[in-house]
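Asks: Listed below, chain by chain, are the residues.
There are 2 protein chains.
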Amino acid sequence: METKLPKLVRISIIGLGNVGRGVAEVIRRKQEEIKRKYGIYLKIVGVADLPGAVVDENGLSEDAIRKFKSRETTEDMTTLDMIKDVEHEIVVETTPTNVENGEPGLTHIITALESDRHVVTSNKGPLALQYGMLMDLAAKKGKELKFEASVGGAMPIISLINDNLAGNGIISIKGILNGTCNYILTRMREEKLPYKHVLKEAQERGIAETDPSNDVAGRDTAVKLVILANSIFDRNVSYKDVEVSGITGITSEALKLADGAGYVIKLIGEVDGGSSGECLKVAPRLVPKDDPLNVGGTLNVATIKTDLAGDITVIGKGAGPIEAASAVLSDIIGIYM
Amino acid sequence: METKLPKLVRISIIGLGNVGRGVAEVIRRKQEEIKRKYGIYLKIVGVADLPGAVVDENGLSEDAIRKFKSRETTEDMTTLDMIKDVEHEIVVETTPTNVENGEPGLTHIITALESDRHVVTSNKGPLALQYGMLMDLAAKKGKELKFEASVGGAMPIISLINDNLAGNGIISIKGILNGTCNYILTRMREEKLPYKHVLKEAQERGIAETDPSNDVAGRDTAVKLVILANSIFDRNVSYKDVEVSGITGITSEALKLADGAGYVIKLIGEVDGGSSGECLKVAPRLVPKDDPLNVGGTLNVATIKTDLAGDITVIGKGAGPIEAASAVLSDIIGIYM
Chain A
393 METKLPKLVR ISIIGLGNVG RGVAEVIRRK QEEIKRKYGI YLKIVGVADL PGAVVDENGL
453 SEDAIRKFKS RETTEDMTTL DMIKDVEHEI VVETTPTNVE NGEPGLTHII TALESDRHVV
513 TSNKGPLALQ YGMLMDLAAK KGKELKFEAS VGGAMPIISL INDNLAGNGI ISIKGILNGT
573 CNYILTRMRE EKLPYKHVLK EAQERGIAET DPSNDVAGRD TAVKLVILAN SIFDRNVSYK
633 DVEVSGITGI TSEALKLADG AGYVIKLIGE VDGGSSGECL KVAPRLVPKD DPLNVGGTLN
693 VATIKTDLAG DITVIGKGAG PIEAASAVLS DIIGIYM
Chain B
393 METKLPKLVR ISIIGLGNVG RGVAEVIRRK QEEIKRKYGI YLKIVGVADL PGAVVDENGL
453 SEDAIRKFKS RETTEDMTTL DMIKDVEHEI VVETTPTNVE NGEPGLTHII TALESDRHVV
513 TSNKGPLALQ YGMLMDLAAK KGKELKFEAS VGGAMPIISL INDNLAGNGI ISIKGILNGT
573 CNYILTRMRE EKLPYKHVLK EAQERGIAET DPSNDVAGRD TAVKLVILAN SIFDRNVSYK
633 DVEVSGITGI TSEALKLADG AGYVIKLIGE VDGGSSGECL KVAPRLVPKD DPLNVGGTLN
693 VATIKTDLAG DITVIGKGAG PIEAASAVLS DIIGIYM
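Residue numbers (my numbering), protein chains in the order written: chain A, 393 to 729; chain B, 393 to 729.
In case anyone wonders, no lab produced these hints; they're calculated from the structure. It is possible that part of the hints are untrue.
Because identical chains share one entry, a pair is satisfied inside a single copy or across any pair of copies.
[To be verified] Cross-link-like lysine-lysine pairs, in silico, DSS-like; alpha carbons within 30 Å at most: (1) K697 / K429; (2) K396 / K535; (3) K697 / K435; (4) K532 / K459; (5) K697 / K427; (6) K588 / K681; (7) K533 / K435; (8) K435 / K592; (9) K476 / K435.
Generate the whole structure from the sequences, applying the supplied hints.
Replies: Written out as structure tokens, the structure is:
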């Protein structure tokens, strides 16, 4: 019987927030299974957070990562030095999205690609601002830049289109890409409660942030649309090109009226190839109750209109550390499949 | 600038029913686009139907395929001789499903793999009966055997799980895998009409076959479940292992009762890894109205329960020649990606 040594894949994780720690946990949990199934052995050789990075070429333990995160241990080097100088194959970039200038993620990703490392990221900022430049750089270096986790969390959409629907022309994508807004509109409709009341409830349950404006004003959805526009439709747009309205003006009365007519109201992002309508828009929209886009709670959903397969709809959890980590992990495995 | 010659991929299509002709049409329609996007040039060098095969190493024209289908031209050779002797890379097998002995598809697929050709098929019979043997043969020959079109038509499920959800443990799959049954139950509920009336309507509209028993008795769903059980869960089951009941006993009254309680009735196929429950079952089930599985018309849907990504649901057209051809085309491209 043939025995093949598993391929060693060394990984650094930048950003130890929910997603970064989720990735560390998922790699630990799945290490043996992935070795067996895909013949690759994932080893975390460095993690970085605000103070800098800790590294261990033999692999960082759960305990070492936890201690560094809680500042019980200090950094070994700067984050950029780790990216450049520690030998590894993949940089996982999970710092928070910044749509002003994309930093610090943008510099991390550029440095990683220039150091000949693949990049897997959940960070929307660099992709929304500098998609073309980053993809060109990745192509020039012969490295992969993957970002499934940046749109729709665990809900597969980028790879679904690129792999499963290969050969199809993609006409448009339309969906709910923000779980917080979906939760608020779902609860307002079901409980007939006003916006402010439900927002407060969502904040108490940790579904909405203390400053919810990024979600409820539609900005988070807009950034995800830009990533889809550039990556799926080859458009060259940025965040400022999106026509955005949010859900803060939606009243219980509007939801009730819609309900009587057989509709729900959802915050819908829509993008197409731009050849005819140039659609790139986030707005509250009436959705027929029996439309696949009518999903409740914090779920995300997208309907992909194609020229051969017709409409394909995918539904999944848009947020959550393990869910986002699942998308990161699939991207990592995808590099070696 | 680097110019790379596209890779020539020669294809034979066996079976000139709806799916086979759909594949021919889709390849013709997409030939240039696929060459540009994926660097492969697809050429149909042979087609086979009941009388045998016609071949042309320069590529068969639309007209040549049509004339052979309508018996205006005669065969050049037998189907098996074409598979064995005509130089080509991929055999697309689209003959009708036969769950008694898998023929003639089974012999076509075995012959193709033994002749060192990849196989892409929409034919459920050979997979439901001889999955393990066929995959072993493909592995031994270092060839691919792909079958996305056999389950759910254009709705991606096999590749969705294998590629997009790589790294996830799959706990169970539950869904509507037969569009005819979904259409009948949807119309019975919406129009409050009895089963027989709606079945007749479906037959008139070409949605149900003259002998509908394969669909309405749940057998078609059962065969698809067997393919999922063997390919996704590594089980070793066959058609006879499925617990099956169909929809012929469902009354308008039952649908009305369910409706009042907030449910719809759907024919659900369910399969899991078999470690605990050994679930492999087709039966009419109550589905909450707000469940993602509640889709209407002829749509197919599947909810995939995973250990990391949570529940992922995918919805799409389960039937239709171009839709099935879309799945075949994605499989073909997938071999070279």
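Asks: Work down the list of hints and note, for each, if the structure agrees.
Replies: How the hints compare with the structure:
With identical chains, the CA atoms of K697 and K429 are at most 30 Å apart between copies only, with a shortest distance of 19 Å across copies and 33 Å within one. For the homomeric pair K396 and K535, the shortest alpha-carbon distances inside one copy (25 Å) and between copies (20 Å) are both at most 30 Å. Only between protomers do K697 and K435 lie at most 30 Å apart by alpha-carbon distance; the minimum there is 27 Å, versus 39 Å within a single protomer. In this assembly of identical chains, the alpha carbons of K532 and K459 never lie at most 30 Å apart, being 38 Å within a copy and 49 Å across copies at closest.
With identical chains, the CA atoms of K697 and K427 are at most 30 Å apart between copies only, with a shortest distance of 22 Å across copies and 37 Å within one. Both within a single protomer and between protomers do K588 and K681 lie at most 30 Å apart by alpha-carbon distance, with minima of 24 Å and 28 Å respectively. When the C-alpha separation of K533 and K435 is checked against a cutoff of 30 Å, the pair qualifies only within one copy, where the shortest distance is 23 Å, while the shortest distance between copies is 33 Å. Proximity of K435 to K592 under the C-alpha cut-off of 30 Å is found in neither arrangement, the shortest distances being 41 Å within a copy and 61 Å between copies.
Only within a single protomer do K476 and K435 lie at most 30 Å apart by alpha-carbon distance; the minimum there is 17 Å, versus 46 Å between protomers.
Checked against the numbered hints given earlier, this structure breaks hints 4 and 8; the rest are met.
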